[in-house]
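Undergrad: Sequence:
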Amino acid sequence: MFEDTPDMFVRPSHMKSLPERILRYFIHGIAFFFVTLFAVFLFVFLAVGMTLIGALIGLVLSFVVYFIIIGSLNSLISGLLWDVEVPGGWGRCFGHGLFLLVFLLIGRIPLWALEIL
Numbered sequence: 001m002f003e004d005t006p007d008m009f010v011r012p013s014h015m016k017s018l019p020e021r022i023l024r025y026f027i028h029g030i031a032f033f034f035v036t037l038f039a040v041f042l043f044v045f046l047a048v049g050m051t052l053i054g055a056l057i058g059l060v061l062s063f064v065v066y067f068i069i070i071g072s073l074n075s076l077i078s079g080l081l082w083d084v085e086v087p088g089g090w091g092r093c094f095g096h097g098l099f100l101l102v103f104l105l106i107g108r109i110p111l112w113a114l115e116i117l
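So in this note's numbering, spot 19 of the sequence shown is number 19, and the numbers just go up one at a time.
Honestly, I wouldn't trust all of these hints.
Claimed, not checked - What follows is a set of in silico ranges between Cβ atoms, one per label pair, in the way DEER data are often shown:
(1) Y25 with A55: 27 to 33 Å
(2) P87 with V64: 18 to 24 Å
(3) I116 with V48: 27 to 33 Å
(4) R24 with G95: 20 to 26 Å
(5) I116 with W82: 24 to 30 Å
None of these hints come from the bench; they were simulated from the model. Ideal Cβ placement from N, Cα and C applies to all residues, glycine included.
Start from the sequences and build out the full structure, keeping to the hints where you can.
TA: Next up, the structure:
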């Protein structure tokens, strides 16, 4: 039945217990928090340096580099923690970083609504 399906769409056999999956989600979130904390400080220095080169071009380039770094670090964490092979490349890492930013912002919307009230 799954002969034509790529390996990334088949659930790994070692992921049988729910507590193990919950623990992995928790570890993934904590690891990504620390990686993002490091990346924010890196982005500040990168944005200042790039903005000195050229205001708009430097800022856009610093966001592109930030998305690539965040996407590649998230792919690395996913590969190590979930034992999946994440396809690489600059474009895919940029897409992962941009996609991750969009969903982190969407997840933040309820908190923004509570702050307004």
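Undergrad: Provide an ascending list of the numbers of those earlier hints which the structure does not satisfy.
TA: Of the numbered hints, 1 and 5 do not hold.
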